[in-house]
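Asker: Protein chains in written order, with the working numbering: chain A, 35 to 126; chain B, 94 to 456.
Misleading hints may appear alongside valid ones.
To be verified - So the derived list for chain B, only partly shown, Cβ under 8 Å to chain A, looks like this: (1) Gln-149; (2) Glu-174; (3) His-197; (4) Leu-236; (5) Ala-259; (6) Glu-262; (7) Leu-264; (8) His-265; (9) Asp-267; (10) Arg-268; (11) Ala-272; (12) Arg-311.
Unchecked claim - Some chain A residues well away from chain B (every beta-carbon gap over 10 Å; in silico): (13) Arg-41; (14) Ala-45; (15) Ser-117; (16) Leu-122.
To be verified - With a cut-off of at most 30 Å between alpha-carbon atoms, the simulated DSSO-like pairs for lysine-lysine come out as follows: (17) A:Lys-55 x A:Lys-66; (18) B:Lys-161 x B:Lys-234; (19) B:Lys-161 x A:Lys-97; (20) A:Lys-55 x A:Lys-97; (21) B:Lys-234 x A:Lys-55; (22) B:Lys-327 x A:Lys-66.
Everything labelled a hint here was simulated from the structure, so no lab data went into it.
Glycine is no exception: its CB is placed at the ideal position from the N, C-alpha and C atoms.
If you want the building blocks of each chain, they are given just below.
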Amino acid sequence: MIAPEVRPRLAAKARLRLDRKTNRYLLLYPEKGMQLNATAADIVQLCTGEHTVAEIIVRLAEKYAQPATVIEREVHAFLEALSERALLESGT
Amino acid sequence: MSEIRPYTLVAELTYACPLRCVYCSNPLDYARHAEGLETDAWLQVLRDAEELGVVQVNLTGGEPLLRKDLEALVAEAERLELYTNLITSAIPVTRERLAALRDHGLDNVQISVQDVTAAGADRIAGRRAFERKLRAARWVKELGLPLTLNIVLHRENLDRVPQMIAFAETLHADRLELANTQYLGWALLNREALLPSREQLARAREVAGEARRRLAGRMEILFVTPDYYVETPKACMDGWGRRFIVVSPDGLVLPCHLAHTLPGLVWESVRERPLATIWQASAALNAFRGEAWMPQPCRSCERRSVDFGGCRCQAYHLTGSAANTDPACALAPRHDLIEAARRGSDAGVSPRPLTYRSAVRSN
Numbered sequence: 035m036i037a038p039e040v041r042p043r044l045a046a047k048a049r050l051r052l053d054r055k056t057n058r059y060l061l062l063y064p065e066k067g068m069q070l071n072a073t074a075a076d077i078v079q080l081c082t083g084e085h086t087v088a089e090i091i092v093r094l095a096e097k098y099a100q101p102a103t104v105i106e107r108e109v110h111a112f113l114e115a116l117s118e119r120a121l122l123e124s125g126t
Numbered sequence: 094m095s096e097i098r099p100y101t102l103v104a105e106l107t108y109a110c111p112l113r114c115v116y117c118s119n120p121l122d123y124a125r126h127a128e129g130l131e132t133d134a135w136l137q138v139l140r141d142a143e144e145l146g147v148v149q150v151n152l153t154g155g156e157p158l159l160r161k162d163l164e165a166l167v168a169e170a171e172r173l174e175l176y177t178n179l180i181t182s183a184i185p186v187t188r189e190r191l192a193a194l195r196d197h198g199l200d201n202v203q204i205s206v207q208d209v210t211a212a213g214a215d216r217i218a219g220r221r222a223f224e225r226k227l228r229a230a231r232w233v234k235e236l237g238l239p240l241t242l243n244i245v246l247h248r249e250n251l252d253r254v255p256q257m258i259a260f261a262e263t264l265h266a267d268r269l270e271l272a273n274t275q276y277l278g279w280a281l282l283n284r285e286a287l288l289p290s291r292e293q294l295a296r297a298r299e300v301a302g303e304a305r306r307r308l309a310g311r312m313e314i315l316f317v318t319p320d321y322y323v324e325t326p327k328a329c330m331d332g333w334g335r336r337f338i339v340v341s342p343d344g345l346v347l348p349c350h351l352a353h354t355l356p357g358l359v360w361e362s363v364r365e366r367p368l369a370t371i372w373q374a375s376a377a378l379n380a381f382r383g384e385a386w387m388p389q390p391c392r393s394c395e396r397r398s399v400d401f402g403g404c405r406c407q408a409y410h411l412t413g414s415a416a417n418t419d420p421a422c423a424l425a426p427r428h429d430l431i432e433a434a435r436r437g438s439d440a441g442v443s444p445r446p447l448t449y450r451s452a453v454r455s456n
C-alpha cells in the first residue's frame with residue numbers, strides 16, 4: 035500500500051486530457067489509454083508531487099461529502115493501479 | 094455502418110530509413126510508395142484524425158526524423174492534445190533536435206535497439222548503429238523525456254533477454270518492449286533464420302516475467318509472444334479498421350502497415366478524399382470490418398470478438414487468400430503451415446544467411 039505521507043506525482047510518460055467525444059477524462063501513456071471516472075480524474079489532477087496521499091483523501095472526501103474511509107479505499111486502489119503500470123513517481 | 098471511432102493514428106511519415114533491418118515491417122516494395130505527403134497534408138491528417146476521435150499518434154516510418162517538418166507536426170499534435178510517440182532508429186538525431194521536439198510537446202521517445210551487443214545489433218540492422226543508439230537513449234533521459242526501448246526478438250538474440258533487461262535498467266528506460274518478430278514483410282523472407290525454438294521462447298518469457306515482477310512500478314516490461322507459438326491468433330491491430338488508422342508515406346489510409354500488400358483491394362489516399370470520408374466509406378476498409386466476411390471456423394467461434402479472426406496479411410501471405418482464417422489459429426484449415434515452420438526451427442542451426450531490407454528488391 036502507498037503510505038499516507040507519500041506525495042505521488044504522475045509519471046512523465048502519462049498525460050491527462052478531456053475526451054471531447056465522451057466529455058470524460060482519458061489518461062494516455064505509450065500505446066495505451068485509460069478512461070477515468072470523475073473521482074479517478076480528480077485523483078490524477080492532484081498527483082502533482084505537492085499533495086500527500088492523506089491530503090488527497092481529505093480533499094476528495096470534502097468535495098464528494100463522503101466519509102474519508104470510503105474515499106480512502108478508492109484512492110488507494112486507484113493509486114495502486116497507477117503504480118503497477120509505472121504511471122506514478124512517488125516522492126516523500 | 095455506424096460510426097467507428099479510431100483511437101490511434103499511425104503516421105508513417107516516410108519509408109526511407111538509414112537501417113536495413115532483416116525484419117523491417119515496411120512492405121517489400123516500399124520504394125514504390127516513396128512519394129511523400131507534403132507538410133500541409135500531414136497537418137490536415139492530424140486535424141482530421143483528432144476530429145474522428147484519435148487521441149494518440151505514433152510518428153513512425155521508416156525513419157520519421159528524416160522529415161524536416163517533424164517539429165511542425167509535433168507542435169500541431171500538441172495543439173490538438175494528441176499523445177505523441179516518436180518511433181525512431183535514433184540514427185539521424187542530435188541532442189538539439191531532441192530538445193526541440195521536447196519543447197514542441199513530444200510525449201515519448203521509442204528507440205529501436207536490435208540487440209545488446211554491438212556485433213549482434215549491427216548484424217541485424219545491416220550497418221553500424223548500436224553506439225549511436227546508446228548515445229541517443231542517454232540524451233532522451235538527460236532531456237527529461239520518457240524513454241521506451243523496443244527490442245525485436247528472434248532466434249539470434251532471444252537468449253540474451255536477461256542482458257536486455259539489465260541494459261534497459263542501466264539506461265533508466267521507462268518502458269521496455271520485448272517484441273517477438275511478426276513474420277510478415279521482410280521477416281517472412283527471413284523466417285527460417287529468425288524463428289526461435291519453443292524452448293528458447295519459453296526461457297525468455299520466464300525471465301521477462303520475473304523481471305516484470307521485480308521492476309513493477311519502475312519499468313514497464315512488455316513481452317510479445319510470436320503467434321507462431323500461441324495456437325490462437327493475435328487480435329491484429331485490435332481488429333481491422335477498428336481502433337487504428339495507418340496512413341502510409343504516400344497518403345494511403347490503411348487498417349495496418351501492410352494492408353496495401355493484399356491484392357484486390359483499392360486503397361484511397363488523403364490526397365483524393367478527406368480522411369474522415371475514407372475511414373467510414375472506403376470499400377477496402379469495410380472489406381474485413383465486422384464479422385460478415387468470416388469463414389468457418391471463425392464465424393461460429395466464441396473467440397471471434399476477441400481476436401477478430403487474426404491477421405488478414407498473415408492469412409494472405411501464408412495461404413494465398415486474405416479471407417481465410419489466420420493459419421496461426423490451431424483451428425485453421427492451414428495451421429499445418431505454422432506447424433511446418435515450427436518443426437523447421439526446432440531442427441535448425443544458426444546463424445543462417447539473412448536478406449537485408451533494400452529498395453532494389455521490388456516485386
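Asker: Look at each hint and say if it fits the structure.
Answerer: Here is what the structure says about each hint:
no.	hint	result
1	Gln-149	holds (6 Å)
2	Glu-174	holds (5 Å)
3	His-197	violated (14 Å)
4	Leu-236	violated (11 Å)
5	Ala-259	violated (18 Å)
6	Glu-262	violated (13 Å)
7	Leu-264	violated (15 Å)
8	His-265	violated (12 Å)
9	Asp-267	holds (5 Å)
10	Arg-268	holds (6 Å)
11	Ala-272	violated (11 Å)
12	Arg-311	holds (6 Å)
13	Arg-41	holds (16 Å)
14	Ala-45	violated (7 Å)
15	Ser-117	violated (5 Å)
16	Leu-122	violated (7 Å)
17	A:Lys-55 x A:Lys-66	holds (17 Å)
18	B:Lys-161 x B:Lys-234	holds (23 Å)
19	B:Lys-161 x A:Lys-97	violated (48 Å)
20	A:Lys-55 x A:Lys-97	holds (26 Å)
21	B:Lys-234 x A:Lys-55	violated (34 Å)
22	B:Lys-327 x A:Lys-66	holds (17 Å)
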